[in-house]
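4 protein chains.
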Amino acid sequence: MQSTIAAVDRLGETRYDSPLHARDTDPSHAGQYISDTQFVPLHITFDQAAERSGNIFFEKAGPRERTFFDAPRTSAAIVTCGGLCPGLNNVIRSLVMSLHCHYGIQRVYGIRYGYHGMNPANGHAPVELTVDAVSDIHETGGTIIGTSRGPEDPKVMVETLRGLGVNILFTVGGDGTQRGALKVYEEAKSQGYPLAVVGVPKTVDNDIQYVSRTFGFGTAVDAARSVIDIAHTEARAVLNGVGIVKLMGRDSGFIAAAATLASGEVNYCLIPELPAALDGPRGLLGVLEERLARKRHAVIVAAEGAGQNLLPKETQQKDASGNIKFGDIGGFLKDRITAHFRGLGRPINVRYIDPSYAIRGLAANTEDAVLCDYFARNAVHAAMSGRTGLVIGYVHNRFVHVPISMATDGRKKVPLDGELWKGLLAVTGQPSSWF
Amino acid sequence: MQSTIAAVDRLGETRYDSPLHARDTDPSHAGQYISDTQFVPLHITFDQAAERSGNIFFEKAGPRERTFFDAPRTSAAIVTCGGLCPGLNNVIRSLVMSLHCHYGIQRVYGIRYGYHGMNPANGHAPVELTVDAVSDIHETGGTIIGTSRGPEDPKVMVETLRGLGVNILFTVGGDGTQRGALKVYEEAKSQGYPLAVVGVPKTVDNDIQYVSRTFGFGTAVDAARSVIDIAHTEARAVLNGVGIVKLMGRDSGFIAAAATLASGEVNYCLIPELPAALDGPRGLLGVLEERLARKRHAVIVAAEGAGQNLLPKETQQKDASGNIKFGDIGGFLKDRITAHFRGLGRPINVRYIDPSYAIRGLAANTEDAVLCDYFARNAVHAAMSGRTGLVIGYVHNRFVHVPISMATDGRKKVPLDGELWKGLLAVTGQPSSWF
Amino acid sequence: MQSTIAAVDRLGETRYDSPLHARDTDPSHAGQYISDTQFVPLHITFDQAAERSGNIFFEKAGPRERTFFDAPRTSAAIVTCGGLCPGLNNVIRSLVMSLHCHYGIQRVYGIRYGYHGMNPANGHAPVELTVDAVSDIHETGGTIIGTSRGPEDPKVMVETLRGLGVNILFTVGGDGTQRGALKVYEEAKSQGYPLAVVGVPKTVDNDIQYVSRTFGFGTAVDAARSVIDIAHTEARAVLNGVGIVKLMGRDSGFIAAAATLASGEVNYCLIPELPAALDGPRGLLGVLEERLARKRHAVIVAAEGAGQNLLPKETQQKDASGNIKFGDIGGFLKDRITAHFRGLGRPINVRYIDPSYAIRGLAANTEDAVLCDYFARNAVHAAMSGRTGLVIGYVHNRFVHVPISMATDGRKKVPLDGELWKGLLAVTGQPSSWF
Amino acid sequence: MQSTIAAVDRLGETRYDSPLHARDTDPSHAGQYISDTQFVPLHITFDQAAERSGNIFFEKAGPRERTFFDAPRTSAAIVTCGGLCPGLNNVIRSLVMSLHCHYGIQRVYGIRYGYHGMNPANGHAPVELTVDAVSDIHETGGTIIGTSRGPEDPKVMVETLRGLGVNILFTVGGDGTQRGALKVYEEAKSQGYPLAVVGVPKTVDNDIQYVSRTFGFGTAVDAARSVIDIAHTEARAVLNGVGIVKLMGRDSGFIAAAATLASGEVNYCLIPELPAALDGPRGLLGVLEERLARKRHAVIVAAEGAGQNLLPKETQQKDASGNIKFGDIGGFLKDRITAHFRGLGRPINVRYIDPSYAIRGLAANTEDAVLCDYFARNAVHAAMSGRTGLVIGYVHNRFVHVPISMATDGRKKVPLDGELWKGLLAVTGQPSSWF
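Protein chains in written order, with this note's numbering: chain A, 1 to 435; chain B, 1 to 435; chain C, 1 to 435; chain D, 1 to 435.
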């Protein structure tokens with residue numbers, strides 16, 4: 001197979017010396033800039049016994065020596081969309097700080113309540129984001145500019161940006177948001193309006209492609225682990241106690257799996273990537289029966305999207321972002337487990353905790369604070385260099401440029417033959433298949 | 001009105017010098033013992049303008065110079081009942097430490113899974129609790145000896161204790177538990193078996209009479225406040241966001257009120273002590289409408305037992321402890337508020353968080369750790385002195401002896417003319433009546 | 001002995017109906033106001049066997065039906081002095097909220113950097129504190145208006161207040177600060193200027209008289225306990241490990257004793273109230289030797305002012321507040337213990353942690369957040385009623401008015417025959433005297 | 001330049017089917033094993049414009065299909081050395097769990113107090129580590145088997161292991177420890193004794209080569225960030241407040257730099273990799289003077305080994321591990337800054353916090369808990385496959401085998417042209433050179 005470069009669109013030639021030059025007090029200081037010739041491959045493990053397959057090379061993110069935009073005459077805007085995620089305020093802060101302090105951008109707008117605020121008909125004018133206004137916001141969760149779900153007409157959005165004189169738009173959101181960003185990018189391009197659209201990937205579920213780790217994920221795992229510990233405490237304190245914790249993860253089980261691994265107290269973890277079974281020789285009810293007889297308590301973690309094959313098909317509802325609303329796997333497991341053991345005439349005490357809303361609004365933990373800062377700064381560098389239609393990716397601990405179309409083409413899944421899932425099987429001792 | 005002394009039953013004369021004598025290295029050390037002549041009054045505020053009303057005097061708790069039991073020949077047992085509460089393990093640890101190290105009691109049993117474990121038919125033999133076994137348990141939540149709901153036959157329980165040679169029983173639990181303890185005490189008395197039954201009041205809701213503050217309550221308020229902060233973050237981040245947090249408090253709104261006060265971010269707090277109204281001039285929906293128009297977000301806290309006057313009457317279910325299962329006030333509010341604003345054609349985003357199970361299993365915070373230790377030690381002193389049929393009370397920062405019958409006669413409520421509720425009205429600005 | 005009332009000075013007759021009337025939506029709502037005839041006694045334990053001794057009665061704090069000041073024409077000022085203490089921002093916030101929202105005070109000034117900012121010669125003009133400016137400050141430690149140590153001329157301070165048209169001054173600080181407040185009160189009085197001077201007692205050490213618990217203390221104990229746990233971990237991990245933790249407490253050992261009790265892991269706790277000895281039959285070195293031989297690790301907690309009888313007398317230095325600088329008891333113990341065991345030819349690993357500065361800057365914990373709010377609101381009520389020359393006291397869980405002169409006459413000490421110290425002796429097993 | 005493979009020594013042919021086979025319930029489950037033909041390159045960034053330089057390829061860590069040891073007849077030992085580091089107990093737990101549960105190893109010894117416990121003359125016999133004994137230890141900091149500094153004679157150590165029948169030794173420690181492990185490996189080899197010596201790299205400073213992130217580092221940065229926030233609070237609360245925080249980092253400034261980046265509140269960060277200057281045009285004192293005039297407060301973070309070029313040369317002392325004791329850069333900065341501003345006649349308030357001992361004893365945070373588990377499990381896989389004389393490395397998020405000699409040849413440094421340091425310069429705005 002052929003190797004390819006993940007080509008990123010550019011608005012034009014870089015015409016200005018980077019304002020970063022002026023900030024460097026050390027004339028001999030080398031290595032500040034990333035050259036356009038640097039790339040990071042997607043596949044890096046080398047197998048002597050296997051044929052070399054095709055690879056994808058991503059541009060390395062970072063400051064360029066020359067910029068496309070003339071900073072003092074350029075304005076930028078930031079929009080945050082979708083559900084809350086720890087770190088949104090950190091990203092906003094670092095974007096504003098970097099635009100103002102490093103590049104000397106004079107004006108940065110905060111779009112109110114997601115794409116909603118880019119449609120003047122909704123009546124929420126953008127606010128100006130100054131350095132003072134953002135200096136302490138990283139200490140709290142949420143997003144100071146507000147968020148919402150759902151799209152707006154790309155034509156209207158581009159018109160709003162042109163009206164504000166904005167040439168740089170940072171879209172902080174998940175794949176729905178980035179697909180919206182793609183439309184804005186395409187619309188601006190078709191109008192010949194030089195707009196750099198740079199996405200900062202946001203998904204607490206950690207399921208965006210070519211982003212090995214999204215901000216907020218670590219904070220979520222952290223909080224999830226604490227909740228699991230409490231479910232463990234509850235389960236241990238009663239006879240045949242079963243603690244069930246439902247965690248975020250619609251399509252991918254990263255939070256559930258990582259929290260399970262971190263906790264060390266989970267016995268069964270269900271994720272969307274692996275179909276589950278309750279009955280049958282390796283089904284959950286049977287293995288749980290055996291464990292309770294032996295240990296008298298158990299802890300089960302289920303990702304939101306896990307076990308959907310088990311749930312009764314209802315008329316599927318969707319939220320404003322167009323996501324299908326899932327059946328409640330946690331409540332379902334609670335009911336089925338209770339019924340099963342009652343049927344056997346055995347005592348059973350099931351506790352079910354769903355901490356999702358109490359997690360998404362947390363402030364970013366240390367790990368995520370650093371990650372947010374890196375993502376934001378690299379987004380600013382990319383925009384200033386005139387790149388557009390991309391999101392900031394993160395592979396092998398390196399930040400890279402990923403075309404939006406690639407990043408939004410499918411979702412990242414927990415690889416069942418990878419370190420995470422193998423670790424989980426080792427730690428829980430759960431069956432590698434429920435069938 | 002006449003003042004009275006809250007008389008506590010005693011097994012007989014105190015026949016032994018307290019083993020605490022031997023531990024005191026300072027011969028001139030005074031004040032180690034509490035004399036039986038010390039009392040703490042229930043009412044202490046004095047009003048020059050009002051007639052002096054009757055008062056109740058409680059015995060001051062603490063070590064006595066002489067004991068009823070001969071420590072080296074006495075065994076004790078500990079039972080924990082009802083729902084989890086932060087601090088149970090601290091109480092167990094301090095009971096064991098004090099019995100072993102201070103008094104030289106040789107054998108302390110831990111009854112398994114509440115009163116359930118006092119019936120041999122259930123098949124859970126008591127375990128022995130040594131100093132080594134309990135030395136690190138205060139660092140985790142739950143109860144190492146397990147808990148359950150529901151009673152057992154007092155005759156069977158006394159028989160079990162006699163079989164074990166136990167003459168001291170510590171019952172750690174709420175008013176259901178202490179009513180069970182009362183029956184054990186009465187049964188032993190009727191048999192002429194010298195059994196000291198001493199209750200350590202446990203109620204995360206803080207609703208036991210003559211106990212101004214129960215252990216676990218502070219930890220719960222702590223955690224509740226964090227959740228309220230997150231609900232506030234969620235509410236602020238979206239257009240017309242309303243965060244609803246349901247907190248523990250079946251009959252009394254102490255947790256809801258204290259967390260509201262601590263948070264400083266709550267706009268409306270509903271507690272069982274004050275009937276609520278949704279409609280009408282001062283009803284919640286109207287004041288919420290007005291607030292959202294002005295501020296675009298709001299936070300509502302509701303105690304579990306609040307607003308039950310609003311909920312449709314269903315066939316009332318009871319749990320194993322005989323407590324009525326309440327309707328879900330949080331879900332009810334969420335539905336009604338959403339419907340109301342949709343009816344008005346206004347955007348509305350309601351988030352509902354119910355953190356109860358994630359709170360009860362926490363380890364005790366610092367405040368509660370100290371409180372647990374005091375309660376436990378005073379319980380040991382009371383038992384060694386031959387007192388029985390009592391719980392350890394706590395009034396005006398002093399530990400006292402309260403006959404079980406008094407402590408379980410009704411529940412403590414948030415006084416609507418007290419510091420807590422007045423503070424809450426001041427901080428929230430909510431109406432003092434919903435009607 | 002005669003009982004006395006702790007009389008508080010008043011600026012004059014209360015001439016206005018309280019603006020709180022207007023806020024009460026429930027006409028039948030009773031009990032909102034505290035009458036001037038309500039008092040709380042200092043001594044409440046009653047001993048049948050002892051002669052009744054004299055008692056002190058404090059006025060109960062709280063809102064009065066009528067006010068001295070005409071709220072719409074009154075301005076107030078807040079000053080914070082001395083070292084940081086968790087909760088300062090909560091107090092500022094609640095003072096501002098209550099003045100503005102409850103009483104309708106139009107203007108509240110924040111004095112910059114303590115009394116320093118009341119002298120115009122220092123060049124720091126007061127800032128105006130609005131509701132918006134303070135709405136989120138309770139989430140962070142420190143004090144947004146700044147603090148400093150040391151006095152200014154009372155004449156200059158009163159002149160500054162008169163210049164600003166301020167008739168209410170809240171002094172948030174320890175006994176040095178309140179002694180300064182006393183001078184301001186006296187100066188204003190001698191000038192016939194109606195100035196309500198109301199102190200909010202601030203001492204992380206919890207050593208102010210007639211204040212059973214000061215804000216910030218609980219947060220400090222919380223943090224201290226965590227550090228003790230780490231010292232315990234360090235000590236256990238090495239051969240003959242000794243962890244020494246020095247905690248705040250110049251004259252009183254409340255933090256050291258409470259953290260010791262909460263931790264349950266401390267073996268020896270030294271406080272200023274009890275002279276210590278290293279040598280001799282019950283000296284620390286001997287008992288430590290015995291313990292290490294048996295357990296191979298130990299944890300020692302020392303209050304800052306403990307063991308000063310052991311330290312070499314140096315020329316005593318004072319800080320800007322006039323406090324004597326203490327010798328470093330922690331370092332001294334580390335050196336002496338190390339030398340002692342080396343002299344015996346035994347391995348020894350001493351770790352010394354002094355977390356003081358990392359504690360004082362913390363945000364208030366939940367407990368303290370509530371306490372701050374109560375103190376502040378009661379200070380506002382007292383000031384509006386025209387009371388002056390007082391601090392808000394707190395006895396038996398009731399807020400009271402205490403004349404500054406009484407509150408600053410000596411310091412509160414850990415009673416060696418009280419619940420706290422007896423509890424500590426029980427938990428640590430340390431000797432009740434080192435001699 | 002030639003590319004090379006980092007060859008790892010093996011004890012011999014792998015003679016047994018891995019016991020992991022039996023655990024896999026899914027016969028069709030693929031990808032459980034790592035083949036010996038998989039490698040991970042050290043350099044992965046590709047530059048079109050540069051000549052390809054030599055690369056180093058590391059073996060990918062992970063379970064092998066066949067093992068060298070016959071699990072049921074093999075015993076293992078674990079030793080932890082050097083200073084405490086968050087996660088030691090997690091590593092011990094995961095090693096024991098994996099050895100027992102995955103491979104069926106019957107006996108695992110815990111060596112007491114580091115290498116010290118491998119010399120019988122010191123009198124500390126190894127303890128047996130069962131699954132029950134380790135099941136809850138990951139919740140606390142420290143190391144349950146104890147630690148110490150300093151070497152023992154390799155001959156004696158191998159003799160001890162042979163006496164115990166141990167064929168697998170896990171050495172958890174920093175480069176001193178791993179150099180000791182190298183000697184044990186060489187000694188065993190020279191004796192022809194089949195001993196698998198597998199190191200788990202432990203350095204809170206994160207300075208081991210070919211390990212992009214060591215366990216404990218994240219927890220340390222987390223805690224350091226909290227302390228920085230407090231130093232910031234302290235600095236802001238007083239006039240010309242300067243908060244100085246000294247953090248761990250003898251040779252490498254990773255903790256200082258990462259905590260600075262995470263905090264977002266630091267103005268100057270000194271690390272060992274970059275010589276510092278106080279005086280001169282870009283020296284710290286000058287830039288600090290300028291900042292205080294403008295902002296009135298500042299925060300400085302210094303790694304332990306930073307600025308050693310500034311400190312007076314004293315007779316260099318060494319600790320038991322042979323590490324040079326550094327001069328106290330924090331105290332030095334405090335004194336010099338105070339003197340400088342006093343000399344200028346300006347007020348100055350310097351607060352210095354050194355939280356080192358309060359950090360190392362913490363329990364692992366979530367991130368580190370997962371990392372510990374991965375490191376430990378891969379160490380077990382490596383040992384079972386008969387590999388020896390290696391440590392588990394971690395490059396580009398992949399675990400690899402690194403010969404001890406390579407891992408201990410020099411220390412990892414913060415690259416001054418890398419993402420971390422460039423991010424730090426951007427966030428702090430500090431000069432890129434102090435000269």
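None of these hints come from the bench; they were simulated from the model.
Treat the hints with caution; some may be incorrect.
What the hints assert, rightly or not - Okay, the calculated bits of chain B under chain A, using three or more residues with CB under 8 Å as the criterion:
# : region
1 : 46–55
2 : 236–250
3 : 278–292
4 : 347–358
Stated by the list, open to error - DSSO-like, lysine-lysine: derived pairs with alpha carbons at most 27 Å apart:
#  : chain 1 : residue 1 : chain 2 : residue 2
5  : A       : Lys412    : D       : Lys60
6  : D       : Lys334    : D       : Lys60
7  : A       : Lys295    : A       : Lys325
8  : C       : Lys334    : B       : Lys60
9  : B       : Lys413    : C       : Lys60
10 : C       : Lys334    : D       : Lys334
11 : B       : Lys334    : A       : Lys334
12 : A       : Lys334    : B       : Lys325
13 : B       : Lys325    : B       : Lys189
14 : C       : Lys60     : B       : Lys412
15 : A       : Lys60     : D       : Lys334
16 : C       : Lys60     : B       : Lys60
We treat Cβ as the ideally placed atom computed from N, Cα and C, and that holds for glycine.
**Pair hint Lys295/A and Lys325/A, alpha-carbon separation not exceeding 27 Å** = violated (36 Å)
**Request:** For the pair supplied as a hint, Lys413/B and Lys60/C, confirm whether the alpha-carbon distance does not exceed 27 Å.
**Result:** Answer holds: Lys413/B to Lys60/C is near 22 Å, not above 27 Å.
**Message:** If you count the residues of the region 347–358 of chain B with a beta-carbon closer than 8 Å to a beta-carbon of chain A, do you get 3 or more?
**Reply:** holds (count 6)
**Prompt:** Residue count check for the region 236–250 of chain B against chain A: does it reach three with CB-CB under 8 Å?
**Reply:** The restraint on the region 236–250 of chain B holds, since 4 of its residues have a Cβ under 8 Å from chain A and three suffice.
**Asked** For the pair supplied as a hint, Lys334/C and Lys334/D, is the alpha-carbon distance within the 27 Å limit?
**Response** holds (23 Å)
**Prompt:** Are Lys60/A and Lys334/D close enough, with their CA atoms no more than 27 Å apart?
**Reply:** violated (41 Å)
**Request:** Take a quick look at whether Lys60/C and Lys60/B sit within 27 Å of each other, Cα to Cα.
**Result:** holds (25 Å)
**Asked** Does the structure keep Lys334/A and Lys325/B at a Cα separation of 27 Å or less?
**Response** Holds: Lys334/A and Lys325/B sit about 18 Å apart, inside 27 Å.
**Message:** Lys325/B and Lys189/B were given as a pair; does the straight-line alpha-carbon distance stay at or below 27 Å?
**Reply:** violated (35 Å)
**Agreement of Lys334/B and Lys334/A with the hint, judged by alpha carbon distance not exceeding 27 Å** = At roughly 23 Å apart (the allowed maximum being 27 Å), Lys334/A and Lys334/B satisfy the hint.
**Request:** Would you check the hint for Lys412/A and Lys60/D, treating anything up to 27 Å between C-alpha atoms as holding?
**Result:** holds (23 Å)
**Message:** Please verify whether Lys60/C and Lys412/B have alpha carbons no more than 27 Å apart.
**Reply:** The hint holds at about 23 Å.
Comparing the model with each numbered hint stated earlier shows that hints 1, 3, 6, 7, 8, 13, 15 do not hold.
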